[in-house]
Structure formats: C-alpha cells, structure tokens
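K.L.:
Protein chains in written order, with UniProt numbering: chain E, 1 to 355; chain U, 1 to 355.
Derived from the structure by calculation, the hints contain no laboratory data. Predicted, not measured: the structure shown is a model, and the values here were computed from it. Accuracy of the hints is not assured; some may be wrong.
When chains are identical, the list treats them as one kind, so a pair holds in a single copy or across two.
Cut-off 25 angstroms, straight-line C-alpha distance, at most; resulting in silico cross-link-like pairs (SDA-like, lysine to any residue) [stated by the list, open to error]:
id, residue 1, residue 2
1, 305, 8
2, 303, 170
3, 275, 112
4, 309, 39
5, 205, 3
Protein chains: 2
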Amino acid sequence: MRRGILERYRAYLPVTEHTPHLTLFEGETPLYHAQRLSAEIGVNVYLKHEGANPTGSFKDRGMVMAIAKAKEEGSTAVICASTGNTSASAAAYAARLGLKCYVVVPHGRIAMGKLAQAVIYGAEVLAIEGNFDQALAMVREIADRYPVTLVNSLNPYRIEGQKTAAFEICEQLGEAPDILAIPVGNAGNITAYWKGFKEYVQAGKARKLPKMWGFEAEGAAAIVRGEPISEPETIATAIRIGNPASWKKAEAAADESGGCIDFVTDEQILEAYRKIAEWEGVFCEPASAASVAGLIKMAQLGKCKPGSKAVCVLTGNGLKDPQTALHATEVKPKVIPGEMKAVLEWINVEMDSAV
Amino acid sequence: MRRGILERYRAYLPVTEHTPHLTLFEGETPLYHAQRLSAEIGVNVYLKHEGANPTGSFKDRGMVMAIAKAKEEGSTAVICASTGNTSASAAAYAARLGLKCYVVVPHGRIAMGKLAQAVIYGAEVLAIEGNFDQALAMVREIADRYPVTLVNSLNPYRIEGQKTAAFEICEQLGEAPDILAIPVGNAGNITAYWKGFKEYVQAGKARKLPKMWGFEAEGAAAIVRGEPISEPETIATAIRIGNPASWKKAEAAADESGGCIDFVTDEQILEAYRKIAEWEGVFCEPASAASVAGLIKMAQLGKCKPGSKAVCVLTGNGLKDPQTALHATEVKPKVIPGEMKAVLEWINVEMDSAV
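With the hints as extra help, turn the sequences into a complete structure.
P.N.:
Written out as structure tokens, the structure reads:
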C-alpha cells in the first residue's frame with residue numbers, strides 16, 4: 001500500500017527526524033502504456049498520470065515537502081500565487097497540518113475545480129485583477145515582509161519533492177525513458193524531473209538520461225520566443241504564464257539533455273486532449289495534453305526514433321476543468337422525453353450507425 | 001507499484017485465462033486517519049477515499065470487472081443508466097478496451113464533472129427528462145432487446161469488483177474495522193462491501209466482521225421509509241435514487257451485521273463535507289460525506305463505543321462537483337485590483353485577524 005513520497009524517497013529528500021510525517025498519499029501515480037497513441041506516433045508512448053495525485057496534480061509531490069518543512073521550521077502560515085493547481089495543493093496540505101494558507105490567483109482565469117478546492121480546504125483566497133506573473137511578484141514581496149512561508153516553486157523544497165516523479169518513472173519502466181515530454185508553464189517541473197533523473201543515475205538506479213522535451217503553449221511561449229510575454233493567452237490555463245520563474249533552469253535541462261523547448265498551439269493541445277481520453281481512457285487537464293501534442297509535433301518533424309520509449313507527463317486531472325472538456329468535444333448530449341418509445345428510437349439509430 | 005484489482009485480487013474474482021488484462025490502476029486507494037474528526041466523534045475515524053480511483057469514484061472497481069467480462073464474452077457495446085459516476089467509469093474502461101459505450105442520464109441532474117467525463121471518453125450520452133430510476137428501467141429493457149451488455153450494478157460482476165475495497169481496508173488496518181459507514185444510493189456498494197468482508201473472514205484474512213451502517217439522504221431514503229420515492233431530492237446527486245436496485249441485499253447486510261440503514265439531512269451532509277476538507281485535507285463529493293455525517297449522527301445518539309474503529313467510505317472525488325463546493329462554503333474569493341498596495345492591505349487585515 002502507498003506510503004507517500006517523504007517516507008518512500010526519504011534517502012533522497014531533505015527529511016530529518018524533526019520533519020512532520022505528512023502525507024495525503026501523493027505519488028506512486030500510474031504509468032499507462034498508450035497503445036493507440038504509440039501506433040499513431042510510431043514510438044512507445046507512456047503516460048505518467050500525475051492527475052492521480054491527491055489534489056489532482058503533480059504539485060502535491062513538491063507541496064508535501066514544502067509544507068512539512070515550513071512546519072518543521074516553525075512557520076504557522078504559507079502563501080502562494082497560483083493558476084490553480086498550486087493553491088489547491090497548498091490548501092490541502094496546510095489543512096492537514098493545521099497551517100493557515102493564503103492564496104493569490106488571477107481573477108476569472110483559473111479553472112472552476114481548482115478554485116473550489118482552495119476554498120473548500122479552507123484557504124483564504126484573494127483574486128487580483130491581473131495575471132499569474134503579477135500575482136507571483138506580489139506574494140514574493142509579502143513573504144519578504146511578513147512571517148509567512150512562500151510555497152511557490154521558488155521554494156527549493158518544491159523542486160526536491162517534484163523530482164520523485166522521475167524516480168518513479170525509472171522504477172516503473174526499469175530504466176529511464178529515451179524521451180521525457182512535459183508541459184512547461186512556470187518551468188519548475190521540467191527542472192525537477194531533470195534533477196531527479198540525474199540523481200537516479202548518480203545513485204546507480206538508472207543507467208541513462210532521457211532527452212528533455214518541454215512544451216509551452218503558443219500564446220505563452222516566453223522561453224521559445226526568448227522574452228517575457230506580458231499578456232499570455234492559452235486555453236491551457238495551468239501554463240498560462242508569461243515569465244517563467246525557472247526559465248534558466250528549464251533551458252539548462254533541455255540543453256544538457258540534448259532536448260529542446262518548443263511550443264504547441266491550442267488546437268494541437270485540444271486534439272491531443274481528446275485522443276488521450278477517447279483512445280486511452282485517461283482524462284487529463286488541457287495543459288497536460290501539451291506533452292502529448294508536443295510529442296506528436298516532433299514525430300511529424302521526423303525527430304522520434306522508431307522504437308524509442310517516450311514518457312509524456314500528464315500534469316493534472318481533467319476533472320479540474322470540466323468546462324473545457326464539454327466545450328472541446330462540441331458534443332451536446334441529446335435530450336429527449338423520458339419515454340421508452342423515444343429511448344428505443346435513439347438506440348435504434350445508434351445501433352444502426354454503429355454497424 | 002499498483003497493479004489494478006483484477007491482478008491483485010485474481011484469486012477472489014471471476015478472472016479466467018481469457019479475461020482481458022484490463023486496468024486503469026483502480027484500487028489501492030488511501031485510507032486516511034482523520035485526527036480531528038476522531039477527536040470530535042470520540043471513535044477512531046478512518047476515511048477510505050475511493051475518489052482516488054482513476055475516474056474519481058468507487059465505480060471503477062466494479063466496472064473494470066464488468067467491462068473485462070463483457071469483452072471476454074464477446075460483447076462489443078455496453079450500456080448503463082447513471083447519476084454520473086457509473087457512466088464516467090463505464091465510458092473510460094470501454095474506451096480503454098475499444099468497446100462502444102451508451103449512457104442514459106437524468107437531464108440536468110448530474111454533476112458537471114461527471115457529464116464531462118462521459119463525453120470526453122467518447123460515450124454516446126442520452127439525457128432523458130426523468131430521474132435515475134426511470135433511466136435504469138429503460139436501459140434494462142434495451143439490454144434485454146439489443147446486443148449490448150448492461151453494466152449497472154445489476155450486472156453481478158460489478159459487485160464482485162467492488163467487494164475488493166473491503167479486502168483493502170482489512171489489509172490497511174490489519175483487521176476489519178468495528179464499523180463500516182457508507183452512503184447508500186442504489187445500494188450496490190454496501191452489498192459489495194459486506195460480501196467482501198464475509199469472504200475475507202472465510203478466507204482467514206480477517207477474524208471479525210464490521211457492523212454495516214448505511215446512510216441514505218433524507219430526501220431519497222426509500223429503504224428507511226420502507227417504500228420507493230417517486231421524486232427523490234437531495235443535494236447529494238450521486239445518491240438521489242428513489243428505488244434502489246439492491247434494496248433487499250442492503251437490508252440483509254445491515255441486519256446480518258447488526259448494523260442499520262438510516263438517513264442524514266442535506267445540511268448534515270454539507271457540514272460533514274466541509275469538515276472532511278478543512279480538517280483532514282480530503283475533498284470528496286457531497287454524497288460521499290453521507291458516511292461521515294451518519295457516523296456523527298450515530299455518535300450523537302450514543303451509539304459509538306469509545307475507542308472503536310470506524311471506516312467511512314468516501315465514494316467519489318470532490319472535483320466531480322465543484323459547483324457544490326463553491327455554494328456550500330458560501331465564501332466568495334475577494335477580488336481586488338492587481339496593485340501591491342491593495343494586496344498589502346488585504347494581507348494586513350488577514351494577519352491581524354489570524355492573531
């Protein structure tokens with residue numbers, strides 16, 4: 001049964017005898033072999049579904065570490081800026097340990113499920129008329145001035161916790177993959193995975209390193225374009241970030257690994273999003289699908305060696321953002337009267353069209 | 001790492017050499033010790049969070065079994081009526097195996113996340129102007145007349161899969177609990193848990209049986225009232241069912257175990273729902289909180305022996321129904337201009353009120 005990452009990967013983490021035994025049973029997330037995507041793309045595609053974490057995103061791995069250390073170091077309150085996933089995670093772990101949690105989000109620009117999470121876990125939520133990058137600047141200043149711990153990915157414990165996903169992939173495959181495809185927003189996650197793969201090679205737990213392929217959304221592709229974007233725009237709200245905090249580290253991960261940072265369009269993201277659900281039975285959030293969309297793009301450019309193993313990181317659970325799913329499919333459920341005759345007509349038509 | 005229930009509990013399930021190796025890595029869900037709830041209620045409270053399953057509800061355990069057997073038996077299509085969770089699960093597993101999935105739901109009466117799931121996984125969704133009980137009657141007739149397999153809990157494989165949650169609880173606690181508190185809607189789940197506990201005692205894996213305490217919502221309490229309810233009403237949409245299919249079996253589970261079937265009000269459900277999130281860091285759907293609400297009710301009636309162990313089943317993930325969370329908390333995030341001055345004013349007020 002699951003133990004949580006602080007216990008499972010204790011030897012690789014800054015866990016001391018004074019660190020609280022905190023867990024919501026994050027980690028040990030599924031790695032799905034994606035049969036139809038593999039056939040389409042021509043490489044062995046695996047999906048690392050981080051949406052299976054307790055609050056529905058990869059943030060839980062870093063947050064359990066950051067919140068446990070905040071408590072260990074005597075803090076009674078934490079704060080973060082968020083496009084939604086970070087605040088959900090911070091609020092849940094803070095609730096579990098009895099810490100106060102303050103959250104600053106861009107008003108009207110985070111998915112409904114994520115807002116609901118922060119609120120129900122009891123965080124104090126402030127919505128600013130501005131974007132994520134502005135919210136982040138604000139919480140940094142607050143954390144400098146007040147006795148409250150910043151738990152954005154600038155907090156180094158976050159990266160430590162998040163790197164454990166790379167450990168798991170090596171264990172699940174028996175080796176590091178050839179390619180690690182990952183969405184890039186604030187760029188902390190690609191940084192964390194790269195650190196994790198390197199540490200596992202150093203520890204003798206893996207023999208090779210993957211190429212790191214990071215994918216931004218076209219309308220928020222600051223790293224690809226080489227300059228911050230003041231008004232980032234994309235349907236993938238979780239990576240709608242115009243000035244990534246871990247910009248340089250993400251570039252280093254791509255460079256050192258012989259990989260790249262590229263971008264994908266919203267259309268490519270939504271197409272991948274639908275395929276992941278319809279073909280593989282896995283429902284991720286739109287931003288997550290940037291990894292698969294990016295892999296498809298690279299394959300079309302002839303950059304995927306046949307037979308290689310690619311792991312696409314799905315960063316969040318599709319239930320975070322049901323509205324996008326309903327819009328993206330353009331399918332409205334047919335509504336009919338609750339009479340047997342009408343239902344039998346429907347099934348007749350359906351069955352005929354299925355033949 | 002996780003294996004899925006067909007492999008993990010193969011010896012206890014109707015798995016043959018011809019059964020497809022189907023899994024989305026359902027099961028092995030967390031069992032949380034609930035510290036603050038334990039203190040309030042006066043018994044050791046554990047939360048079995050079935051919302052951590054791949055499609056976010058306990059239905060996945062039964063559905064993986066039912067869909068695998070449908071395929072094994074040559075079926076190419078499945079159908080179900082649903083308040084939302086069954087259809088999400090059926091659609092996902094059917095997608096994974098390449099089966100066609102038909103879903104009939106009551107129009108306007110299922111949570112948004114659940115509808116989004118069925119649609120994005122590629123099911124054909126029909127919304128009828130009627131309630132769940134009418135939808136179930138219809139799909140039963142369709143399954144009789146057409147070459148399509150019914151995967152509602154009338155399908156006996158569903159109960160087989162679902163019973164594995166009882167196995168896990170015994171393994172996680174090292175023994176069966178004294179009390180198993182569980183929401184009751186269509187009544188298949190309480191039936192499945194009771195079967196599971198009995199089988200584990202027979203197999204020598206547990207030494208005792210829990211008392212089974214099932215809780216309906218007051219506005220849909222057909223079993224408690226002793227008659228079907230034609231227009232069931234409750235905020236807990238997942239258990240808004242007026243004529244439970246497994247009625248007699250649920251009564252038998254309560255009777256044989258020395259337990260009971262009782263009801264809780266929507267107000268009690270929402271209060272428990274908030275406490276589970278704010279106190280324990282666990283976000284479940286409203287219907288799930290009926291188990292905790294029921295336990296609190298029983299404790300207030302003096303029916304909980306101090307020091308006993310009670311497991312409350314949380315049947316679904318809170319992200320299925322974000323709107324209820326936002327309404328239930330009655331907290332609207334404060335919206336302010338994105339200026340440092342305004343944010344500092346907010347944090348000053350917050351910090352002062354926290355002292």
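K.L.:
With reference to the structure, classify each hint as holding or not holding.
P.N.:
We went through each hint and held it up to the structure:
In this homomeric assembly, residue 305 and residue 8 never come within 25 angstroms of each other (Cα to Cα): the closest approach is 34 angstroms inside a single copy and 35 angstroms across copies. For the homomeric pair residue 303 and residue 170, the shortest alpha-carbon distance inside one copy (23 angstroms) is at most 25 angstroms, but the shortest distance between copies (50 angstroms) is not. With identical chains, the CA atoms of residue 275 and residue 112 are at most 25 angstroms apart both within one copy (23 angstroms) and between copies (21 angstroms). In the homo-oligomer, the alpha carbons of residue 309 and residue 39 lie at most 25 angstroms apart inside one protomer (13 angstroms), although the nearest pairing across protomers, at 50 angstroms, exceeds that limit.
In this assembly of identical chains, residue 205 and residue 3 lie within 25 angstroms of each other by CA distance both inside one copy and across copies; the values are 20 angstroms within and 22 angstroms between.
Violated hint: 1 only; the structure is consistent with all others.
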